[in-house]
Each structure stands twice: as structure tokens, then as C-alpha cells.
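J.: Listed below are the residues making up each chain.
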Amino acid sequence: MGYATTILSLAGLNVLFALSVYITFAIGQFSLAQVGFWALGAYGTAMLTTLWGWPLWPALLASGGVCALLGIALGYPCLRLRGFYLALATLGFSETVRVLFQNLEYQIPLKGVPSGPSGVLGFRNVAVTTGIWDIFGFMLVLVILLVWLNHSRIGLAVAATREDDVVAPFMGINIVFAKVAAFMLAAMAAGIGGGLYAGFTSYISPDDFGFHMTLLGILFVAIGGTRTFYGPMLAAAILTVLPEFFRFLAEYRLIFYGALVVVLMTLRPRGLIDERVDAAVRRWFARKPREA
Amino acid sequence: MLSIEHVSKAFGGLVALDEVSFHVTGGEIVGLIGPNGSGKTTCVNTISGLYKPTSGRVDLDGSPLSVLPAHRIVRRGVGRTFQNLRLLRELSVLDNIRVAQGARVRSIATWCGFGPQAEGLDLEADALRLLEKVGLRGRADALAGKLSYGQQKRLEVARALATRPRFVLLDEPAGGMNVDDIDTLKQLMRAMRDEGIGLLLIEHNMSFVMDVCDRLIVLNFGKKLAEGSPAEIRNHSEVIDAYLGRA
Amino acid sequence: MLLEDLINGLLFGATYSLVAIGFTLIFGVIHRLNIAHGATIMVSAYAGAAVSILLGGKSYGALLAAFVASVTTGATLGILIERVAFRPLKDAGYLAPFATTAGITIILEELFLKLSRVVPIFHPEYTPFPSPLEDLSFHAGPIYLRGVYVVIFIVAIALMAALGFWVDRTRSGRAMRTVEQNPLVARLMGIDVGRVELTAFAVASGLAGAAGCLIGVSVGTVGPFMGTNLLMISFVVIVLGGLGSIRGAMVGGLVVGVVESMTVSLLSARYKQAVLFGLLFLVLVIRPEGLLARRAVVRD
Numbered sequence: 001m002g003y004a005t006t007i008l009s010l011a012g013l014n015v016l017f018a019l020s021v022y023i024t025f026a027i028g029q030f031s032l033a034q035v036g037f038w039a040l041g042a043y044g045t046a047m048l049t050t051l052w053g054w055p056l057w058p059a060l061l062a063s064g065g066v067c068a069l070l071g072i073a074l075g076y077p078c079l080r081l082r083g084f085y086l087a088l089a090t091l092g093f094s095e096t097v098r099v100l101f102q103n104l105e106y107q108i109p110l111k112g113v114p115s116g117p118s119g120v121l122g123f124r125n126v127a128v129t130t131g132i133w134d135i136f137g138f139m140l141v142l143v144i145l146l147v148w149l150n151h152s153r154i155g156l157a158v159a160a161t162r163e164d165d166v167v168a169p170f171m172g173i174n175i176v177f178a179k180v181a182a183f184m185l186a187a188m189a190a191g192i193g194g195g196l197y198a199g200f201t202s203y204i205s206p207d208d209f210g211f212h213m214t215l216l217g218i219l220f221v222a223i224g225g226t227r228t229f230y231g232p233m234l235a236a237a238i239l240t241v242l243p244e245f246f247r248f249l250a251e252y253r254l255i256f257y258g259a260l261v262v263v264l265m266t267l268r269p270r271g272l273i274d275e276r277v278d279a280a281v282r283r284w285f286a287r288k289p290r291e292a
Numbered sequence: 001m002l003s004i005e006h007v008s009k010a011f012g013g014l015v016a017l018d019e020v021s022f023h024v025t026g027g028e029i030v031g032l033i034g035p036n037g038s039g040k041t042t043c044v045n046t047i048s049g050l051y052k053p054t055s056g057r058v059d060l061d062g063s064p065l066s067v068l069p070a071h072r073i074v075r076r077g078v079g080r081t082f083q084n085l086r087l088l089r090e091l092s093v094l095d096n097i098r099v100a101q102g103a104r105v106r107s108i109a110t111w112c113g114f115g116p117q118a119e120g121l122d123l124e125a126d127a128l129r130l131l132e133k134v135g136l137r138g139r140a141d142a143l144a145g146k147l148s149y150g151q152q153k154r155l156e157v158a159r160a161l162a163t164r165p166r167f168v169l170l171d172e173p174a175g176g177m178n179v180d181d182i183d184t185l186k187q188l189m190r191a192m193r194d195e196g197i198g199l200l201l202i203e204h205n206m207s208f209v210m211d212v213c214d215r216l217i218v219l220n221f222g223k224k225l226a227e228g229s230p231a232e233i234r235n236h237s238e239v240i241d242a243y244l245g246r247a
Numbered sequence: 001m002l003l004e005d006l007i008n009g010l011l012f013g014a015t016y017s018l019v020a021i022g023f024t025l026i027f028g029v030i031h032r033l034n035i036a037h038g039a040t041i042m043v044s045a046y047a048g049a050a051v052s053i054l055l056g057g058k059s060y061g062a063l064l065a066a067f068v069a070s071v072t073t074g075a076t077l078g079i080l081i082e083r084v085a086f087r088p089l090k091d092a093g094y095l096a097p098f099a100t101t102a103g104i105t106i107i108l109e110e111l112f113l114k115l116s117r118v119v120p121i122f123h124p125e126y127t128p129f130p131s132p133l134e135d136l137s138f139h140a141g142p143i144y145l146r147g148v149y150v151v152i153f154i155v156a157i158a159l160m161a162a163l164g165f166w167v168d169r170t171r172s173g174r175a176m177r178t179v180e181q182n183p184l185v186a187r188l189m190g191i192d193v194g195r196v197e198l199t200a201f202a203v204a205s206g207l208a209g210a211a212g213c214l215i216g217v218s219v220g221t222v223g224p225f226m227g228t229n230l231l232m233i234s235f236v237v238i239v240l241g242g243l244g245s246i247r248g249a250m251v252g253g254l255v256v257g258v259v260e261s262m263t264v265s266l267l268s269a270r271y272k273q274a275v276l277f278g279l280l281f282l283v284l285v286i287r288p289e290g291l292l293a294r295r296a297v298v299r300d
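Protein chains in written order, with the numbering used here: chain A, 1 to 292; chain B, 1 to 247; chain C, 1 to 300.
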């Protein structure tokens, strides 16, 4: 696979992750569960494609579907949690998933070689089934969905719930449904993203899905801005592609990465796409005159 | 008719409402008054669904309201304003109305759509008319957070009206208003009453209450103390005692 | 045996208390989470280890010097973090400092990963933290207690007592409590809120440094990613004790120490994390404000 394709694919995967984290932020929930769903999707898809020969998309939809159901199951108890506590509970979920895979040993012989998840050692030789168009195709679907939701009445209800979920019910909004639906959608997006990730890297291990991935998710929405879906997308793309230009820094790359994060955040405290940029973009798109 | 029957509300050991009963019919303005801490806001919060009553029931035309979640109560036609203004400050004035109009939307297809026309309703035109009524038509695109205090209070009322309620609970709508704004508010409330809406008003501004209300209900320490016309209440000895702290 | 594990867990739990107290102290004053708290512990632990190694590592003098090095490193780093990651972002919402402290964590962890490979007295992966306490042990009847655990417990309790004294009895401590409850009123009373915040950071990070030294000594090694693990554990502690509550963090740390120790002896070390986070989940679902919080959230 060419270098450019690899980088674009990685960027695409990070963008998908950023989108899945954004979805719950959009409705005002600070959830870190998407890492857990990404892991579930990765292992689920990897097992289906590698061990049982499923084609990519049925495997993705199956794992994504399971994640969606789990997202609903997780969303309900999380309704009563706010802010830091919600972040912690969802972090707890993701960590529990990781520990689960640290202890999962399930191997069947493939062409004489035992293959499958082997606990801490991870899952080697996952079938490489993800192509760059799978990643960008799914991204396009998500983006279209988000744009559509944004412009419909649902988008208004989401913005209202996010801004003030105490008054939102008094405007007729069923916030329980809205929040659980957001959890479900985020879980499904993360599940499919994780599956695409597994089919791309061909080696997954529980350590991939730990606290550092959680930090990454937070970085994407913090740097990108939580007002729009394209902010975190942009942040994910920049944070994936930019370090490539600094490959010459070798082992200092990650230090540079951390410094980049601090600098970006200090320059744009409300994110790359903050209220002003968002308003300007909206104005640009709404250039037709208003009917009186 | 909105009927509150023997409603009690306790928070742990604290009894905020104690067997309160009264009713509100369409086309009247009822004032809910009483000293601080008498349970007025708790009463409104319980009727509107923010709290569930510990005992007793709230009915709308005979069917139970208190078992429903808040958003369903709004859809049945009971709207409210908040004393400390819960506007969506980051959204435009018009968007605040649009969100509230969602309470009138019945089908999923409408939720998914973009158009102002839906289910035979011209929601956009309604929204603009509503803003016209409260005098905010010219500020339709301004951010709600940037309005003056008086304008925000009017938007709060308009937002409640956008849900097409049959009853509106107003929690201290006149607080902090100047004389002109108060007059506008009185006109607005009378117009609502004349359209057949029933209003329940919590207010400390006594001259406002006496002028605009058809009927008064007095609470003290969570219990209903008295009920009657403004003239009757004004001279009611127990009410006077309660306000002066002699009760 | 069980009682032994329980007591050892309790003793070690005091270090968790120290870590969590620092974290919750910062939150109480500025209402933001310092994700770099873990990295602060790690850097301070390395500082202590370095001093101990350079001084031979076998005398109590070396240990004391190492402790002082850890505490001062922690406090200094804390002040730096406050200036770089929090002060410039005062009006930027809660997410921004999350990101900057995460960035700082990445920088520090990678830096020490590199240093541990390059600096001669360090080792890649795990650098030993020598101390005269390694071979110390006590026997209380049939129970065997590692001397190290007893010592760190005593030091930790002493530090917490000192903190309690500072918070309750001194002027600066009371100023800090005022800022905690109402920053605006504090300002109106003439309290220099900026200085209180800086002090809180210095104290909290100094405690983190102390914890780093104590943990390094009792575990025997330090590593570049030790901070992250400790941070996660302190999350559990804080949920148990209630966010912002120092006393809650104190008790919560001991509880977590016991739970961890019991899990390792009754089940296996592999399930340590799962049990702790399962516990966190349970507590959050049943009583979100923390087991030890005095005021229950009015749920209606």
C-alpha cells in the first residue's frame, strides 16, 4: 500500500473516531465510551472476517449492530450522570472492555496456525479487508447523516438539549430518547470504525484501546471545537497528517505532538472551529434572502 | 380545566406542599401568591412535571397529568415560563421559538424534514406572528443571549406560547421589569386570556397581581390559606397576617 | 493470608489517598481536572529515584534527600502546569485544560521514555528506586508487614494531617476554602484568588511528588507510564469519596487499597482493573455524588 494511501487511511480512521466522540458531545454528554466500542468493533469484525470468513461489510454491520444495542444499554443508566461523573463512568466502561480483551483467549487453527485473540498478546494476522474507499465511504455516509440531522428539526432539538437539558423537555423534547439515541449512534459509529481499523492494521491488541486512545478522543473534540462536526474532523486530520511532516524528529515526534496540542489549544481555546468561525460558515451557506 | 387535587410534595423530610387543591379554567388569570417559601414555585414545578407529586394528582380535563413526563405534559397543552429565564442563549430568537414549536409536531417525518410547512401547519409564519405579538419581530435573528432583560422575559413568554398551550404557568414574569414592560406584559396576558388560555401566575408584585388577576390563591407554609377575588383577599386577615409574619 | 493482605492494602492505600487528595484539591479550587497530575507523580518519582541512586541509596539520609527532591519537583512542576495549561485558558470552558494537560502528559511521558533509555542511571522500562527500607519488615503476631508499607503509611498520614491543619487552621488554608466555595465572594473579601490557585497547585503537586516518592520506594521501581495508572486509580478513589472532598479522598484511597489487595489475593492481579472499574460503575449508578458525600443530590 502506498505511503500516501496509508496516511490518508489512518487520517480517515482518526476522523471516524473523532466523529463518534463528537456525536455524544453534540447532545451535551461527555462520554468516553467510544473507545470501548471501537475495541468491540475491532475484535468483533476481526474475528468474523479472519476466523469465519465473513466479508467486510456484513462483519462491520454485525459488530456495529451489537455495539448499537450495547450503546442503548449503556445510555440508560448514564442518563442520571453529568459532567465528570459521566466521563468517569464511560471511561470505566471502556477500561472494562479493554480488560475483557486482555483476558480473551480464543484461537482456532487456520491453515495450521492458531489464530485469534490471545489475551495480552493481541490478535495477529487479522484479515486485511479494509480499503481506503471503505473508510471514506463510511465517513461520507456519516457526514451526510450529520448534515441532514443538523438541518432538520432534530438538529434544533439536539442543540436545545445540549444547551439546557432542564428546559428542553418543556419545549416538548423527549430528552431521554434523544440522549439514548445519541449514545446508540455514537456506539455504532465507533464499532464500525473499530472494525475498519482492525481490517486495516491487521494486528490489534488491548493496549491499543487504553487511556491514550481516550486522550486522543478528547484532544480531537477539544482542539476541533465541539460546536460543529467538522471541527473534530479537521483536528483529527491535522493531528494525523501534520506529524508526518516532522518525521525527521524521529523519537521526538510524540513530544512535538504534545507540544503541538498545547500550542493549538492556547491559540484557539475554544477550538479551531469556535462560535465565530461557525457563525461565519453558516452565514456563507445561508446567503439566500430570508422570506419576510 | 386544570385541576390540582390534594397535591403534596415532600423533599426528604421537608414538606413543601401540603394537600393543596385548586383549579384553573380556560379564559381566566389565576394568581398564586404567598410569602417567600410558601411553596408557589414548587407547586408550579409539580404541575409542569419537573417534580412528581408525593401524593395527590394533577388532572387535565379529567385525565391524569402527573403520571406523564414533562415533555408529554407540554404536548398536552400545559406550558410554563421560568423565573430565572431558561432561554437558549446561544440560539437565535427565532430558533428559540422554532424549538418550542417542536411540541406541536406529531410525526417523525416532520422531525426529519426541513420545511416550515408541516402537517398542514405553517410553523414559520406562526413563529413570526408570535414574535410580532411580543414585539420581538425585529430581533428575530439576534442571539437570545444578547437581548435586553425585558426582551428576554418577553421571549420567555413567547416560547411558552409557541407550544400552543391551553394553560400557561408563569413564574414571576414581571420580576425586574420596568413600568412600560409591565404594561406590555399585562396586555399580553389579557390577550392570552381572551383567546381562551388559562393562566396561573406566580408574582410578588402586588399591584400587578391585583390588577391583572381574576382570582387569587394564597399559599402559606405549603398549605392553601385562602382563595377568592383580589378584593376579598386584600382584606383577608389571615393573608395579611401571613405576609406580615404573624401566622 | 487474608488479614495480612487487608492490612497491607490499607497501608498502601494511603498513597492512593495522597494522589487523589492532590487531584481533588485542584478541582475544588479551580473546578477543572488536572490530567497532568499523573505525569507530575511520575516525574517526581524519577527525581527521587535519581537522587537516591546518586547518593548510594542505602542510607536514610539519601532517602530523605530523595523525598525532598520529589516534593520540590512536584510542587515546581505543578506551578509550571498552572501557568502553562490553566491560567491562559481561564475562560475557555472545561475541555480546553483537559487538552493542554493531556498534551503535557504526552510530552512528559515521551520525554522520560527517551530519558530512561539514554540517561545512564536510568533503565529502559523500569528504573529501580533503591532505599534502605527494602529489607525492613515487621511482625505483628502472625502477620507479616513489609516495613516499607508501614513507613509510607505513617508518612502519608502525617502529610494528610499537615494538610488538614493547613486547610483548617491557617489563613492561607481558609482563604483557599473560601475560594473553593465562592470565588466571587473571595475576591470581594480581598483574597488574591490567583495566588490561592497557585498555592493550591503547588501544595497538590507537592503531595503528588511525595506520593511519587513513596510509591516508587514501596514498589521498588519507577516507569514512564506509572502516572497514568495512578491517575485512573485516583478516579475511582474520587468517585467513592466525592469530587472535591479531601476527607472523602482520604478514606476512599484506603478503601481502594484494600479492594485492590483483596482482589489480587482472592482472584488474580489480572482482574484488578476490572474490579475497580466495576466498583466505580456501581457507585456511580447507585449514588453518583460519591459514597461519602454528605448532601445527596435532590433527584426529582
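Be aware that one or more of the hints could be misleading.
In silico DMTMM-like pairs for lysine to aspartate or glutamate, Cα to Cα no more than 20 Å straight-line [stated by the list, open to error]:
1) C:Lys272 <-> A:Glu105
2) C:Lys114 <-> A:Glu163
3) B:Lys146 <-> A:Glu251
4) B:Lys146 <-> A:Glu163
5) B:Lys186 <-> B:Glu28
6) B:Lys146 <-> A:Asp278
Which bits of chain A does chain C cover? Going by a derived footprint, with three or more residues having C-beta under 8 Å, they are [to be verified]:
7) 37-48
8) 215-221
Worth flagging that the hints you see were computed from the coordinates, not collected in a lab. All C-beta atoms in this analysis are idealised placements derived from N, C-alpha and C, irrespective of residue type, glycine included.
J.: Each hint should be assessed against the structure and marked as holding or not.
T.: Each hint, compared with the structure:
Taken as a hint, the C:Lys272 and A:Glu105 pair is honoured in the structure, with Cα atoms around 18 Å apart against an allowance of 20 Å. A threshold of 20 Å between alpha carbons decides the hint, and for C:Lys114 with A:Glu163 the separation of about 44 Å lies outside it, so the pair is violated. With a C-alpha separation of about 50 Å, the suggested pair B:Lys146 and A:Glu251 falls outside the 20 Å cut-off, and the hint is violated. The hinted pair formed by B:Lys146 and A:Glu163 meets the criterion: a straight-line CA distance of about 16 Å does not exceed 20 Å.
Restraint check for B:Lys186 and B:Glu28: satisfied, since their Cα atoms lie roughly 13 Å apart, inside the 20 Å limit. Distance check on the hinted pair: B:Lys146 and A:Asp278 sit about 18 Å apart at the alpha-carbon level, within 20 Å; holds. Coverage of the stretch 37-48 of chain A by chain C is violated in this model, with 0 residues showing a Cβ closer than 8 Å to a Cβ of that chain against a need of three. With 4 residues having a Cβ less than 8 Å from any Cβ of chain C, the stretch 215-221 of chain A passes the three-residue criterion, so the hint holds.
Hints 2, 3, 7 from the list above are not met by this structure, while the remaining hints are.
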